[in-house]
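Top line first, the protein sequences correspond to chains H and D. The numbers in the first sequence follow my numbering, run straight up by one, and end at 309. The numbers in the second sequence follow my numbering, run straight up by one, and end at 550.
Among the hints, a few may not be true.
Stated by the list, open to error - Ranges between beta-carbon positions, derived for each pair: (1) D/Gly366 <-> H/Cys89: 44 to 52 Å; (2) H/Arg197 <-> D/His320: 53 to 61 Å; (3) H/Leu117 <-> D/Gly376: 31 to 39 Å; (4) H/Phe76 <-> D/Glu315: 53 to 61 Å; (5) H/Asn132 <-> D/Pro422: 27 to 35 Å; (6) H/Phe82 <-> D/Asp381: 41 to 49 Å; (7) H/Leu166 <-> D/Lys448: 24 to 32 Å; (8) D/Gln438 <-> H/Ser251: 26 to 34 Å.
In short, the hints are calculated from the structure, not lab data. Idealized CB from N, CA, C, for every residue including glycine.
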Amino acid sequence: MRTYLGLMFVGLLLLCAVCSFLSDVFLTWPNFLNILTASATIGLLAIGASFIIGSGGLDLSVGSLMALSSVVAIQFSTHSPFPFLQTLCLCLVVAAVAGGVNGFLIGRKIPAFIATLGMLSLARGLALIFSNGRPVYGLPDSILFLGQGRVIGIPVPVFIFLGIILFCHVLLRHTKFGRYSLMIGDNVNAARNAGIRIQRHLIWLYAFSGMLAAVAGLLFMGRVNAADPNAGMMYELTAITATIIGGTSLSGGKASVIGAVLGALIMSVLQNGLTLVNVPSYYQQVAVGIVLIVAVAFGQWRGGHAATN
Amino acid sequence: MLLRIEGLHKHYGGVHALDDVSLSVDTGTVIGLVGDNGAGKSTLMKCVTGAEKPDHGSIVFDGQPIGLTPFDSRQAGIEMIYQDLDLCLRQDVTANIFLGREDLVHLWGMQTPFMNHKAMNESGRALIQTLNADIDVSKEAGSLSGGQRQAVAIARALLHHPKLLVMDEPTAALGVREITKVLNLIRSLKDQGITVILISHRLSDIFEVADRIVMMRHGKIVDDNAVSETSLTKVTQRLMM
Numbered sequence: 001m002r003t004y005l006g007l008m009f010v011g012l013l014l015l016c017a018v019c020s021f022l023s024d025v026f027l028t029w030p031n032f033l034n035i036l037t038a039s040a041t042i043g044l045l046a047i048g049a050s051f052i053i054g055s056g057g058l059d060l061s062v063g064s065l066m067a068l069s070s071v072v073a074i075q076f077s078t079h080s081p082f083p084f085l086q087t088l089c090l091c092l093v094v095a096a097v098a099g100g101v102n103g104f105l106i107g108r109k110i111p112a113f114i115a116t117l118g119m120l121s122l123a124r125g126l127a128l129i130f131s132n133g134r135p136v137y138g139l140p141d142s143i144l145f146l147g148q149g150r151v152i153g154i155p156v157p158v159f160i161f162l163g164i165i166l167f168c169h170v171l172l173r174h175t176k177f178g179r180y181s182l183m184i185g186d187n188v189n190a191a192r193n194a195g196i197r198i199q200r201h202l203i204w205l206y207a208f209s210g211m212l213a214a215v216a217g218l219l220f221m222g223r224v225n226a227a228d229p230n231a232g233m234m235y236e237l238t239a240i241t242a243t244i245i246g247g248t249s250l251s252g253g254k255a256s257v258i259g260a261v262l263g264a265l266i267m268s269v270l271q272n273g274l275t276l277v278n279v280p281s282y283y284q285q286v287a288v289g290i291v292l293i294v295a296v297a298f299g300q301w302r303g304g305h306a307a308t309n
Numbered sequence: 310m311l312l313r314i315e316g317l318h319k320h321y322g323g324v325h326a327l328d329d330v331s332l333s334v335d336t337g338t339v340i341g342l343v344g345d346n347g348a349g350k351s352t353l354m355k356c357v358t359g360a361e362k363p364d365h366g367s368i369v370f371d372g373q374p375i376g377l378t379p380f381d382s383r384q385a386g387i388e389m390i391y392q393d394l395d396l397c398l399r400q401d402v403t404a405n406i407f408l409g410r411e412d413l414v415h416l417w418g419m420q421t422p423f424m425n426h427k428a429m430n431e432s433g434r435a436l437i438q439t440l441n442a443d444i445d446v447s448k449e450a451g452s453l454s455g456g457q458r459q460a461v462a463i464a465r466a467l468l469h470h471p472k473l474l475v476m477d478e479p480t481a482a483l484g485v486r487e488i489t490k491v492l493n494l495i496r497s498l499k500d501q502g503i504t505v506i507l508i509s510h511r512l513s514d515i516f517e518v519a520d521r522i523v524m525m526r527h528g529k530i531v532d533d534n535a536v537s538e539t540s541l542t543k544v545t546q547r548l549m550m
């Protein structure tokens with residue numbers, strides 16, 4: 001895994017070199033901060049996806065949960081005496097409950113693809129209902145600070161992203177929660193026979209993924225100054241791509257938070273570079289799709305190669 | 310008496326996998342459980358270890374009715390090594406040995422949520438050494454040979470000194486030298502007072518280490534004899550009937 005991550009890092013540097021060759025603006029400090037800020041949203045979703053895919057599952061609902069949690073939180077916190085605290089708590093609770101429902105259904109043998117696809121539609125629909133289909137403006141200053149504020153010249157989302165990277169890396173590598181997630185993805189029967197309560201773990205796991213989506217939603221709405229019911233559309237695809245680029249095995253049992261972050265950086269640099277050289281956004285979607293297919297094919301080849309060796 | 314099973318029934322759809330099974334097992338004995346494929350041996354043991362829930366009947370272990378989950382069984386002191394070994398092949402040996410029973414770091418007498426990798430690696434290495442196996446505990450389980458994987462599964466089962474160890478076909482995938490090692494290990498378990506239930510198609514293995522042979526057919530116990538009162542030929546003939 002370390003060798004693979006090293007290769008990914010070299011790939012990221014090469015991509016940066018190509019982008020800086022194509023655009024004079026790319027290799028500037030403001031653009032660097034811009035990439036990091038954009039990476040925070042996708043990166044948080046990718047970190048959640050690395051836990052989920054490492055457990056042999058899939059969560060297609062994270063983009064919709066971003067939108068639902070932010071819309072609900074803002075709608076019910078506007079006149080609160082503690083708007084920041086209430087928005088934060090509501091955001092996390094809404095996404096955690098929705099994620100927990102995903103985990104419950106998957107624990108009851110409903111395929112993850114179906115359960116989370118259902119939640120994708122359900123959560124998006126609820127976000128549109130709660131907001132009457134329009135973005136909600138008038139965010140508290142504290143939320144705007146989360147998305148747009150700067151500390152010693154560095155955007156606040158970058159600090160939050162770094163903190164969550166550290167937390168999740170420790171969670172995955174050094175706690176039972178992370179280990180059991182990978183064990184379930186590796187051999188669910190072994191995990192069950194070892195006394196791990198699979199259903200309960202899946203509920204917590206998907207709730208955790210939902211909470212990461214909620215934080216991504218908070219940063220996103222702070223950045224765009226609105227709780228948008230259409231926020232996070234197709235973000236799950238980019239997050240899954242970033243996770244797979246980062247070395248997480250689609251068949252479960254292997255995952256890396258650092259890998260997911262590298263994957264998110266690669267996706268952000270790619271999108272940033274394409275924007276700087278004036279590639280239309282429609283074509284950027286095509287590029288994401290191609291990268292996903294190439295990443296999966298490479299992952300399959302790598303898995304097969306390792307098994308052969 | 311360590312284990313008492315009474316009137317156990319288990320159905321899978323229309324199949325009567327266990328049909329009024331009763332069995333008593335004394336502490337420190339080795340029981341050989343034999344029978345054709347589908348006789349109900351594994352189902353019976355899965356009920357004991359909580360992996361399956363019986364439809365009727367009772368299981369009393371060490372004087373207490375046992376719970377219905379693998380967790381309850383393990384807490385009571387029952388360990389099972391399945392035929393497929395139940396290893397997580399993409400995880401390292403230590404992670405497999407400690408699966409479900411990870412050591413946590415303690416600070417100032419308080420338990421933290423962090424795993425104690427160093428202690429687990431050291432204990433895992435020591436356990437593997439007691440089995441005379443040459444295995445690097447940092448290796449992925451998927452990279453080990455069949456015999457090495459068996460050793461990892463046994464090490465995991467022995468981790469917390471079980472009172473009862475159920476072994477499902479432990480020698481099926483092993484070479485002659487490794488079979489001898491596993492049989493020696495079963496003898497040493499018996500010497501330590503650990504009760505072993507050995508499910509095996511290899512009657513010669515059972516005759517080498519078991520005190521009793523229990524034969525199952527169509528979900529029922531059809532024979533239960535001390536090894537000293539029967540012979541390999543008799544058991545083979547009964548199985549062929």
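Out of the numbered hints, which ones does the structure contradict? 2, 5
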